[in-house]
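A.B. asks: Listed in order, the protein sequences are those of chains A and B. The numbering of the first sequence is the numbering used here, which starts it at 1 and goes up by one. The numbering of the second sequence is the numbering used here, which starts it at 1 and goes up by one.
Since the hints were derived computationally from the structure, they do not count as laboratory data. Be aware that a few hints might be false.
Some but not every residue of chain A turned toward chain B, in silico, with C-beta under 8 angstroms [unchecked claim]:
#	residue
1	V22
2	L29
3	I114
4	F148
Glycine is no exception: its CB is placed at the ideal position from the N, C-alpha and C atoms.
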Amino acid sequence: MTAVAKAVGIRLAYGIPVFFIVTFAMALLVEFMPGSPGQAILGENAAPDAVAALNERYGYNLPPLERYGNWLAGVARLDLGTTLFTREPVVDVLGRRLLVTLEVAGLALGMALIVSVPLALVAAFRQGGWLDRILNVVSSAMLSVPSFVSVVLVSLIFTVSLKAFPATGWVPIASGGLAENLRFAFLPALALALYETAFFYRIVRSDLVATLREDFVLVARAKGIPKWRTIAPRHVLRPSLTSLVTLLGLAVGRLLGGAVIVEFFFSIPGLGGESIAAVGIKDMNMLQGIIALGVVVYVLIFILVDLAYAWIDPRVSVR
Amino acid sequence: MSVPTMSFLSPVLTGKVKRSRRGSNRVLFLIGATWITLLVLAAVFADFIPGLPHYSEKIGTFAQGPDFSSLGTLLGTDGIGRSNLSRIIYGARISLTIAVCSTLIGLGVGLVVGLLAGYYRGFAEGVSTIIANTLAALPPLIMLLALVAAIGASLWGITLALGIVIADTYIRVTKGAVITSAQREYVLAAKALGATDFRIIVREILPNLVPVLAAVVPISMAVLVVVEGSLSFLGYGIPAPNPSWGGMIAAGADTIRRFPGVIAAPVITLFLTVFAFNVVGDYLGNRADKRAAQI
């Protein structure tokens, strides 16, 4: 346990400078953005002294270093300030948005895993067969479809042609029930899952092909162990768990930060949609909150992936 | 102790995930390279293509289908009657300029930081790890939106922002390749002959980075074309009326219920371009791997 605690400590220590650099860079960036928060609240034609008064009231006229210091002091108390327009605590908004983003990302990852792993198994066992060859072309093509194209295609097929799902919007579970919530979450999750499925498929398949060449698989086959019921899950899939964990870690990071396009297109109240809005109105507290959360999640994923390695594979020791 | 980094931008580039052996097909590589060459030629000489209307010129009614009577109407017209072909070619000029220039920025930063970190290790490596970790920890699109909002959505603002975002990939790839290369016998031989560090870096190590970086450049071009398109799609790219593929797709998505055909041309072009860069990068990557295995 002490080895694990030490490993976590070292990785946290590496994360701390990153946290400071990233949040400070963000504070500087906001400084360089044209206009001021007071201007954003009052509009283009507001009187200059009214804008200045508002900026002063909320502390937006302080020098950047002092403002960053105040923000850091707030972080220590888990107080990230309030949003620009609604004056709501940023922590509350972040929590709410994160739940939505996590739900969509979780659904997308679930879809990607359910489709990609079985297909990869079949393709690897029948290497060079027709399914393997078709999926090779299809998956590499899917990796070249950017998310802003897949959202358009998904919405063209499911809302314009089939009229099966709502085009945009979001219904929380609390107000509309699970079924209604899933109806709105399905298309965004599907759009995200397309890329992830292709990506998982390619990595897992090449991993499985390498495992199938191992002697222990040959021995298992020679002993007459059932190919699909035992060899596939126990002998072949299990060694690939470490790559799957890496893939999942990367995908969670990508989906949390990269769901911007999908959330924007489907008008989903997640972190990505919020960040676009925050850039648009120069909401510094909100942007800082999102970026800070991003760094924390990044470091956490990083730690979890490394710990998971050691847990899955007894030969790997945590350092 | 150095801690490996993970980047969310393109997992293929990070090395934590193995590059797939498949897709090293020579035919695909040639097709991809041909498409990129054609696109570059069209983008560079767009002003001299006979019969190609200007991208802002209205050549007919809106949302016309493909019509082979003239070059301008070959791919139909957009939502307000401008030539799709012309807007795609002029859009390629902007997309490719941004992608090439930000690749150069990323490559420049990556080479300097990566060479120093990989050759001298120690303090320089610690600094480079922190830089690369910081850049990798940023959610790329959110950071880009903030950067573009701060620098301004001009050609050079977007190029600079994308160059910063792609730099961590080049830092990591260069550093890794330099560390392996610095341990080889030819570097030891040069040291024994009394060569200066500068000479070793430039004459012995740098040439060996070429095949590795040549494989990364096309993949990062693919990433950059996508990211630039994403910015335009969100309305933070090169401002209208300049044509951009992302902007054309966004405009097409707005009118997709009435004219579903308008969006086809930019979507297919973008897909082919990204696919071509990926295929070329995969092919060069496999060649670099084979070469490394032979040394």
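A.B. asks: Determine for every hint whether it applies to the structure shown.
C.D. replies: We went through each hint and held it up to the structure:
1. V22: This hint holds: A/V22 lies near chain B, its Cβ roughly 6 angstroms from the closest one there, short of 8 angstroms.
2. L29: holds, 5 angstroms
3. I114: violated, 20 angstroms
4. F148: holds, 4 angstroms
When the structure is compared with the earlier hints, a violation turns up for hint 3 alone.
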